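Residue numbers (the working numbering), protein chains in the order written: chain S, 1 to 333; chain Z, 1 to 275.
Don't take each hint at face value.
[What the hints assert, rightly or not] Calculated lysine-lysine pairs in the DSSO-like style (CA-CA distance at most 30 Å, straight line):
#1 Lys271(Z) with Lys266(S)
#2 Lys32(Z) with Lys73(Z)
#3 Lys174(S) with Lys124(S)
#4 Lys240(S) with Lys271(Z)
#5 Lys92(S) with Lys124(S)
#6 Lys182(Z) with Lys266(S)
Quick caveat, the hints were computed from the structure, so don't treat them as lab data.
Quick caveat, the model's predicted, so the values are computed rather than measured.
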Amino acid sequence: MNNPLLVVENLRTYFRTPQGLSRAVDGVSFTIDEGEILALVGESGCGKSMTALSILQLVPEPAGYIESGRVLFQGEDLLDRTWEQMREIRGKEIAMIFQEPMTSLNGVFTVGDQLIEAMAVHGKRGNLRAQAIELLGRVGLPEPERAMRQYPHELSGGMRQRVMIAMALANEPKLLLADEPTTALDVTVQAQILDLLADLQRETGMAVLLITHDLRVVARLAQRVAVMYAGQIVEEAPVKELFQHPRHPYTQGLFACLPSQMRRGKELNSLEGVVPSPTAWPPGCRFAPRCSFCWQPCLELAPRPLTVANRHTVRCHLYDPEIAPTSVGEVRS
Amino acid sequence: MTSSPTLSAGDFLVVAQGLCKDYPVRGRLWRKQWRRVVDHVSFEIRRGSTLALVGESGSGKTTVGLMLLDLIKPTAGQILYNGLPYSARSAKERRALRREIQVVFQDPYSSLNARMNIREILTEGMVIHRIGANAREREERAAELLRQVSMSPDALDRYPHEFSGGQRQRIAIARALSVEPKFLVLDEPTSALDVSVQSQVLNLLCRLQRERNLTYLFISHNLDVVSYLAEEVIVMERGRIVERGAVEQVFSDPQHPYTRNLLEAIPSLDKVLAK
Chain S
1 MNNPLLVVEN
11 LRTYFRTPQG
21 LSRAVDGVSF
31 TIDEGEILAL
41 VGESGCGKSM
51 TALSILQLVP
61 EPAGYIESGR
71 VLFQGEDLLD
81 RTWEQMREIR
91 GKEIAMIFQE
101 PMTSLNGVFT
111 VGDQLIEAMA
121 VHGKRGNLRA
131 QAIELLGRVG
141 LPEPERAMRQ
151 YPHELSGGMR
161 QRVMIAMALA
171 NEPKLLLADE
181 PTTALDVTVQ
191 AQILDLLADL
201 QRETGMAVLL
211 ITHDLRVVAR
221 LAQRVAVMYA
231 GQIVEEAPVK
241 ELFQHPRHPY
251 TQGLFACLPS
261 QMRRGKELNS
271 LEGVVPSPTA
281 WPPGCRFAPR
291 CSFCWQPCLE
301 LAPRPLTVAN
311 RHTVRCHLYD
321 PEIAPTSVGE
331 VRS
Chain Z
1 MTSSPTLSAG
11 DFLVVAQGLC
21 KDYPVRGRLW
31 RKQWRRVVDH
41 VSFEIRRGST
51 LALVGESGSG
61 KTTVGLMLLD
71 LIKPTAGQIL
81 YNGLPYSARS
91 AKERRALRRE
101 IQVVFQDPYS
111 SLNARMNIRE
121 ILTEGMVIHR
131 IGANAREREE
141 RAAELLRQVS
151 MSPDALDRYP
161 HEFSGGQRQR
171 IAIARALSVE
181 PKFLVLDEPT
191 SALDVSVQSQ
201 VLNLLCRLQR
211 ERNLTYLFIS
221 HNLDVVSYLA
231 EEVIVMERGR
241 IVERGAVEQV
251 FSDPQHPYTR
261 NLLEAIPSLD
271 KVLAK
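Can you make the complete structure from the sequences, with help from the hints?
Set out below in structure tokens:
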């Protein structure tokens with residue numbers, strides 16, 4: 001533990017659009033240790049998926065490109081790699097699963113063919129068929145031999161996602177990028193898939209970057225969580241710490257938005273306003289236009305990441321002793 | 001059948017009695033086979049209250065919603081609205097019923113006609129049901145509806161694609177309200193939305209229910225949303241009701257294993273924060 005497997009430093013992924021330069025990922029830094037599950041949380045358009053795609057150099061070109069930053073995987077910068085070299089890494093060292101397993105699987109090949117191909121491409125030898133059947137059994141498909149002969153459309157959503165996971169695990173990756181892996185599934189199936197990911201993570205010791213918008217999924221699976229807003233990570237902490245002491249006004253706002261039995265009859269918090277456009281992030285703090293604690297420095301100066309507790313960093317002026325009046329800081333914490 | 005002895009039949013706006021729905025499935029040659037997707041479902045919805053229908057995909061909850069909307073006919077059983085069965089109504093009365101019962105669907109991207117501007121979307125129902133004396137009056141009503149769902153009347157001349165998911169869902173709600181309904185079928189109205197947008201839509205639905213004494217059938221698989229919004233809940237599994245009762249009771253003391261399963265699957269926020 002505590003050996004950094006992936007270090008992302010100041011990653012910036014931009015898009016050229018007719019409306020101007022869109023800074024979708026704008027200075028994202030985080031670390032995933034070996035065998036760790038880090039959740040990247042945020043609402044649509046915050047840049048969380050694009051962060052994952054940038055790690056694998058899968059940013060849609062030519063509109064999108066990685067402007068700057070470093071993606072150190074086992075100490076080596078992936079952004080220096082060529083496309084050919086990246087093909088060796090994708091699916092082998094770093095695998096990815098997506099939200100909609102129907103579109104990620106090829107509809108005209110059987111599950112078995114696709115699984116065997118995924119292994120053969122990365123140089124796996126031996127009885128691949130037997131290995132594929134074993135994998136399908138391991139991800140909980142009830143009849144792995146039969147599933148080998150089936151086409152994706154013959155499987156339910158949950159079963160397809162299991163096939164995707166089997167494919168991702170086929171080459172024993174060290175890092176799994178899971179982009180909303182359970183969002184399209186029924187709740188009980190969601191729970192099964194999350195448990196499966198947790199089991200596999202324990203067995204294989206792989207690390208997981210879990211991308212989700214659902215804080216309940218985070219609570220169930222992750223150890224650490226990073227909250228993204230407007231292309232940046234605004235808060236990062238161990239899961240329990242973040243859930244018990246959210247510091248950033250955006251994180252606090254998100255929690256207050258969630259409906260629950262205890263909030264019956266009370267009006268839910270709604271974050272007023274909308275997420276600013278990535279072509280025109282506000283100067284200063286990007287959350288400032290929607291923040292109820294906003295004051296002068298927030299509009300002018302971009303906040304820096306500050307450590308407020310053990311392994312807990314937050315990007316907000318309220319916690320900056322050089323900027324916030326002490327009284328404000330005390331009130332907030 | 002009645003959930004509380006102190007309530008009389010007049011307290012219920014909608015009563016479903018033994019609803020069944022069969023769909024044809026591919027069977028052997030020359031033989032049509034039927035599959036029962038809704039199996040003897042009965043419930044009552046009190047005026048001004050919210051009944052939640054909970055279940056996973058394939059549980060038949062959307063089919064129940066479509067039958068209440070009179071969009072598909074039940075194979076067996078009947079639905080009483082204001083004490084009178086749908087089937088006992090004349091064609092004219094059924095049209096009037098379509099005005100009183102409205103629907104909001106899950107996906108605000110496909111439920112609004114992309115070729116109509118917001119004015120047309122909001123006034124189409126009024127024209128059909130002869131609400132408003134003339135075009136100007138209908139337009140005034142449309143502008144007022146937009147204000148009610150916290151949107152600017154400037155939106156009238158714009159098209160659905162110009163709006164975000166949350167805004168579209170508010171337009172869809174405004175459209176449902178445009179014909180002054182009494183009963184809304186809400187089929188997963190917030191599951192395609194981000195949490196901060198979901199909270200806006202939920203606040204809106206609560207406010208509208210209070211102000212207009214609307215009755216809701218809320219179809220959802222999100223138990224947190226259900227426990228926040230509904231008074232009573234029905235849990236469906238494979239076309240059947242496996243559990244029903246007051247939200248507090250079902251959520252704190254689920255009787256059926258399937259309900260327990262659902263509740264344990266994804267922990268609610270209350271439980272996570274209490275940990």
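Here is how each hint holds up against the structure:
no.	hint	in the structure
1	Lys271(Z) with Lys266(S)	holds (18 Å)
2	Lys32(Z) with Lys73(Z)	holds (19 Å)
3	Lys174(S) with Lys124(S)	holds (16 Å)
4	Lys240(S) with Lys271(Z)	holds (13 Å)
5	Lys92(S) with Lys124(S)	holds (10 Å)
6	Lys182(Z) with Lys266(S)	holds (23 Å)
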